[in-house]
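Hey, can you work out the whole structure from these sequences and the hints?
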Amino acid sequence: MGASARQDHAAGGDVPGGAFRRRHPPKAAAYTLLELQVTLVILGAGLLAMPPLMAMQSRQIRHVEAWCRSGPTFYVVSQSNRWLRRLGAPAQMETEAGHSPWTPPVTGQQEYDVELKSLTEDLDARIIQAEVTLRD
Amino acid sequence: MTHPPSHRAGGFTLGELLVVSMLMTGLTVAIAQTWRYLAVDIVDLRTRARLSQELRIAVESLAEDMGAVVGAAPMGGDGVLLCRDSGQTPNGLADWGAPDIVVQYYLSDGKLIRADQSTGAEIVIAGDVSSFTIEDLPGSLLRMILEVRRRGLSRQVTFMWSSP
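Quick mapping for you: the protein sequence lines, in order, are chains A and B.
Numbering-wise, the first sequence is residues 1 to 136 according to our numbering.
Numbering-wise, the second sequence is residues 1 to 164 according to our numbering.
No lab work stands behind these hints, which were simulated from the structure alone.
By construction, the Cβ of each residue, glycine as well, lies at the ideal position given by its N, Cα and C atoms.
Take these hints with a grain of salt, some might be off.
[As the list claims (entries may be wrong)] Just the calculated beta-carbon pair ranges, DEER-fashion:
#1 B/D41 <-> A/V132: 51 to 59 Å
#2 B/T133 <-> A/L48: 18 to 26 Å
#3 A/S118 <-> B/V43: 45 to 53 Å
#4 B/S163 <-> A/Q60: 37 to 45 Å
#5 B/V40 <-> A/V132: 57 to 65 Å
#6 B/R143 <-> A/L48: 48 to 56 Å
[Said to hold, decoys possible] Derived list of chain A stretches under chain B, where covered just means 3 residues or more per stretch with a C-beta under 8 Å from a C-beta of chain B:
#7 46-60
#8 64-71
#9 120-133
Here it is as C-alpha cells:
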C-alpha cells in the first residue's frame with residue numbers, strides 16, 4: 001500500500017461513498033473526580049457554616065424577645081399634662097408599680113390659658129410644631 | 001499464538017456500587033437527622049421573633065393612645081374603649097365624644113383591631129392574638145392582658161392603667 005492509500009484510509013477514504021468516518025468515538029461528557037471533589041468540598045463548607053449562623057440567630061432572637069419572655073406587666077402612666085396629651089405624647093410604660101411618672105419636658109410656674117392654633121406633626125423627623133396663643 | 005488485547009469495560013462493579021450505595025445512604029440519613037433539628041430550630045426562632053414583633057407593635061400602639069387617655073371602659077370582656085383628651089382646649093375630662101377622640105381596641109378573628117370611632121378608620125395592630133382580656137378592678141384600675149400564640153408558643157403582656 002502506498003502513501004496515497006494510507007492517507008485515504010486515515011481520512012476515511014475507504015468507506016463506500018466517500019463518507020467521513022471518525023476512527024475514535026467521541027469522548028462521553030462527564031465530570032472528573034477533581035470536579036466532584038471540589039463540589040463536595042464547597043457543599044461541605046456551606047453545611048458547616050450553617051450551625052454557627054443558627055447559633056448567632058438564636059442568640060439575637062433571645063435578646064430581642066427578652067422583654068416579653070417572662071410575661072411582663074406594664075404600669076401605664078398617661079400624661080398628666082393636658083398639653084402633652086393634646087400633642088400626642090405616648091404613655092410611659094413603667095415595669096414596676098409605684099414609680100414616679102415620667103417628668104414631662106415642659107416647665108414653668110405660670111399656668112396659662114392656652115389656645116391651640118395649629119399643629120404640624122412630622123413623625124419621621126420626630127418634630128411636632130404647635131402654634132398657640134397664651135392668655136394670663 | 002496471539003491473544004486479542006483484553007481491556008476492562010469502563011464502569012463500576014456490583015461490589016463498588018453496593019459500597020457506594022451504603023455510604024450514600026448512611027450519609028443521607030446523618031444529614032437528614034441533623035437538618036431535622038436545624039429545621040425545627042429555624043421554625044421555633046421564626047415563631048418567637050414573630051410573637052415578639054406582634055407584642056411589641058401592640059405595646060407601642062397602646063402606649064401611643066394611652067398617653068392622652070382620660071377615660072377607659074371595658075367592652076364585653078375582650079375589648080376596651082379609650083377616650084383621648086383632644087380639642088382646641090383639652091379639658092382633662094372624658095367626654096366620650098367630640099372633641100375627644102374615642103378609640104376602640106377589640107379582638108376579632110385572632111387579630112387585635114384598633115378602631116378610631118371619630119374617623120371610622122380600623123387597622124390591625126397585631127395578629128396571632130389568642131386572647132385580649134379586660135378587667136375592671138376596684139380603685140379605677142383597669143387590667144388588660146394580651147396574649148399571642150403561634151405554633152404552640154405563647155407570650156403574654158399585662159397592662160395596668162389607672163385614671164390620671
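Those earlier numbered hints the structure runs against, lowest number first: Hint check: 2, 9 fail, others pass.
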